[in-house]
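Participant: Since chain A is already given, all that's left is putting chain B on it; use the hints.
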Amino acid sequence: MKSIILALALLATLATGAAAESSFGMAWNPSIPVGDTADFAGGFAWRGASVEWRNFIRTDWAWGVDLGWNVMTDSFSGTVTEGDITVTGNEWNTINAIPVHLTTFKYFGGDRREPRWYAGLGAGANWMEYRQDFGIFAVEETQWHFTLAPEIGVQMPWNSWVGYLGVRYQHAFAAGNVDNDQGWFDFKVGFGLN
Amino acid sequence: MIIRRILWPAAVFLALLALAACYPGGPESASDTALTITSRVPGADYDNLHTFAMEDNVVLLDLTPGTDPEELPDNVNTAILEELRAQMVAAGFQDVTPDTATVTPDVWLVVGANQADVWYYYYGWGYYGGWWGPGYGYYPPYVGVSSFQVGSVLWGLIDTRDLDPTDPDPQLTSIWFAALNGALSNSNTTSASGVKTLIQQAFTQSPYIQAAPAGK
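Quick note, the sequences are listed as chains A and B, same order. Each residue of the first sequence is one higher than the one before, counting from 1 in my numbering. Each residue of the second sequence is one higher than the one before, counting from 195 in my numbering.
Don't read these hints as lab results, they were simulated from the structure. For clarity, every value in this text was computed on a predicted model and none was experimentally measured. We put the CB at the ideal spot given by N, CA and C, even for glycine. Hints may contain errors.
Incomplete in silico selection of chain B near chain A, CB under 8 angstroms [unchecked claim]:
hint, residue
1, Pro236
2, Ala280
3, Gln365
4, Gln399
Chain A extracted, bound-state conformation (with noise of 0.2 angstroms):
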């Protein structure tokens, strides 16, 4: 997973002088899980990271993919009983999520040398795993979930450090042996997008 990230990176890298209309972005996603993921891995995670290639077809219209990364995790002591069997110790759950997206965008604003607003909507997959630590014992289980993921977002001057802010939420539907939706707020701190 981390070659293709750092693959993608350097493509990025490359690339974004060559093609006027179309640019790559990469930022640093932490995010904070709500609902059944919460519930399994809360809290604020810093970890995750996205790839991203705009194309813009209008000055105020894009679409295009990205590919991200999170990593959720969360820790809990305690005892619990089932059945005749009761066990205490530590847990320890994680996530690790791949989204992979096809995008939209709708600009507000076309002066570049202006922050410009924007709003979009991803869709495609989510694959998922979700692993759970219990003293030397781990359960795991992968799963590939549809998503849909609005976006908000500032796409900053083409001077500027950086390149790009903003905030998506992904909705994982629930699939497989996942019975619930998943969901979580990501944070784009994005470089590029020029």
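Facilitator: Using the frame of chain A, we list chain B on its own:
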């Protein structure tokens, strides 16, 4: 512009990726992995228990054929036995020595430790030369464990109230099973102190292990 907007941020981005881990957190020491597992036995009779007896040594359960089991460090061995005895007494049981025909414990606590992998347990009774009579030897009940995870302490509480001393193949009932997984680390000092805490937890989460009030 490319350098400021792309290359420098890319370096920061890649550094962040390098710092990230798929499974952050998680157990980092033996104490983190410690599990206290207890199980009551369906249908077991926990009433009218008054006395107990236990072995004077933690049985090392080493199941590797052809090898001699390693010795449990004395301080760890002592810590386990002392804490188990203290907790049984705190639960209201009277510690008795079943060496005569007149003193029989209601329950027998057997305890072992090992360093193997997957586990299951069984129990039985060994004897020789009769039972508790003059000139006869005494052999306590035992719990056999085929294997368990690294650094584990296990014990069982055997109900001996209905034991027939003349039965050469008595059927015994285990009424409580407990396992401390991850209790033994490489440090004997840590093991001795940590195992006491885990034993206390085992009794805390098993309130049904309680002697009947005196006189009942």
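Participant: If a hint holds in the structure, say so; if it does not, say that too.
Facilitator: Each hint tested on the structure:
Given hint, Pro236/B at the interface with chain A, holds; its Cβ is 6 angstroms from that chain's nearest Cβ, closer than 8 angstroms. Hint on Ala280/B is violated. Least Cβ distance to chain A is approximately 19 angstroms, over the 8 angstroms limit. For Gln365/B, the suggested interface contact is broken, since its CB lies about 20 angstroms from the closest CB of chain A, more than 8 angstroms. A least Cβ separation of about 5 angstroms between Gln399/B and chain A falls short of the 8 angstroms threshold, and the interface hint therefore holds.
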